[in-house]
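Q: Here's the letter readout for the chains.
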Amino acid sequence: MDCRLPSCLPGCSHGPAFPAGRWSTHLPICRWFCRLLGIRGPIGSWLFEWFDIRLVFTTAGAALACAVMSFPLMLRAIRLSLEAVDPGLEQAARSLGAGPIDRFATVTLPLAAPGVLVGAIVGFASSLGDFGAVITFAGNIPGRTQTLPLAIFTALQTPGGEATAARLSMVSIALAVTGLLAADWIGKRLQRLTGR
Amino acid sequence: MSLSVRFQHRFPTLTLDIAFEAASVGVTVLFGPSGCAKSTVAAAIAGLLHPDSGRIVVEGTELFDSTTGIDVPPERRRIGTVFQDARLFPHMTVLSNLRYGERRAPPGSIRLDEIVDLLGIEHLLKRRSPTLSGGERQRVAIGRALLSQPRLLAMDEPLASLDGRRKAEILPFLARLKTKLALPVIYITHSLEELASLADTLVLIDSGRVIAMGPLDELASRGDLPIAVRDDAGAVLSARVVEHDRTRGLTVLDCSGTRLLVPLLEAAPETRLRVRVPAREVILATEHVGASSVHNVLEGTVRGINPDPAHEAILVEVQLQGTRLLARVTPDALESLHIAPTRPILALVKSVSIETLPG
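Chains A and B supply the protein sequences, listed in that same order. Here our numbering is used: the first residue of the first sequence is 885, the next is one more, and so on. Here our numbering is used: the first residue of the second sequence is 416, the next is one more, and so on.
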């Protein structure tokens, strides 16, 4: 299936029903993404021909779209935590004979683990709410690329689907809260392990 | 000489011009006031600072040479570094901390059980480093640095962040290390106590330059150096226990020919130790006094006279048999006794005012 723009934007037919703010920022990124990774795009065609991997309109594609959209948010959290690791400890590791990769793996990364976890939560949360990227790149195929927000959206578009939408929203909330609680618990353990 | 350091480095407020050499065994203390960039020397040796120019050679290996562009990265220099703030890895146990350097080092002669025993840290091995006290942390940090089988141990004010009690707790361990391990040690401090108990060679640094360098007993008894004008200045003599006089409660020490009496020590004859004779505790006389409580009446000659304006006093260097003392007296005493260079003099030292130090 080719990824030409019109087919890439099924939501256009729905017009004003889209959450306008987010959609407008996503659009250019998604467009480039489709061009690159569509099976006629420079990367997509190569992946398809050599490895038989198709990303557009697949589950993997939906995951990739979420990853790309949440990556900048995650990156910021993770970077801050990496920078907060005491450079003195890295110097100590250096003086004890640890090379750059070695000391990153044994000192910097373990000490930044709580921050990496925060990054993961941010990534999870933003993926949980992502709408535009998935629908643009992977479509809204039930059972394959339909994420929770897409399912809620679809339910709302269906006459009499409000109850379904409400149920799905509850699932979404439950997932978010569970994720937060789990992250909080793991975070506390990590903090203890890293001695803070 | 197994360590040769010579480098220049320009900081915004200070220009460093350091050059010194150290023997392959023994402790070289870099001594100077706070803020005179002593720590920079340790950082340059460890490779954590890149001097503008210079050359650093340890045990015949060139670590840095600005003319040929050699600059070995810190992880391959094998300089065991002990920092002022210990810098133990907080996410590891004491044992993992100790093993961190060991695992990355070539096989060497320093063994884990030996170090654990020497530093008395066996009961700490399973603990995590944030739960340790300052003194315990510093001991683990020293062990960790030693287990990386270093060519040289560089200690940057390892006791500076500890209070007096903790310091007293670690100093004996350091003195033991010094005698047990054949390793060159660079020790940076501004504490006269640490200097007196650990140094073999002394490098005095002030405002970024080396102002004097030599054996400790020689420099400590000089009156013209900045260390002599400190309140607690005094000569440091290396001594040997000769015998104990238990009935009188005294121990006889031999300091390269000069006999000193000190209160009874718990040390076997022939033990080597150090004594510190504070300059303010030395009385000068030109003739023997009658009955007095002074045990040590030492004959010598006046070697040098230096002013000590900070104490409104005069520092007199006294040459004894094989060793030297430093005495702080008032200008009035100097005048009334007609003390002048090369004149014979008696130095009176109370046995209780002599401090004995390990090593």
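It should be emphasised that the hints constitute simulated quantities derived from the structure, not laboratory data. Treat the hints loosely; a few may be bogus.
Here are the simulated lysine to aspartate or glutamate pairs, DMTMM-like style, with alpha carbons at most 25 Å apart [to be verified]:
#1 B/K541 x A/E967
#2 B/K541 x A/E974
#3 B/K595 x B/E714
#4 B/K765 x B/D669
#5 B/K582 x B/D669
#6 B/K541 x B/E474
#7 B/K541 x A/D970
#8 A/K1072 x A/E967
#9 A/K1072 x A/D970
Treat the numbers as computed from the prediction; the structure is a model and nothing was measured.
Q: Now tell me, hint by hint, if it's right for this structure.
A: Hints versus structure:
no. : hint             : verdict
1   : B/K541 x A/E967  : violated, 29 Å
2   : B/K541 x A/E974  : holds, 23 Å
3   : B/K595 x B/E714  : violated, 36 Å
4   : B/K765 x B/D669  : holds, 16 Å
5   : B/K582 x B/D669  : violated, 28 Å
6   : B/K541 x B/E474  : violated, 35 Å
7   : B/K541 x A/D970  : holds, 23 Å
8   : A/K1072 x A/E967 : holds, 20 Å
9   : A/K1072 x A/D970 : holds, 20 Å
Checked against the numbered hints given earlier, the structure breaks hints 1, 3, 5 and 6 and satisfies all the rest.
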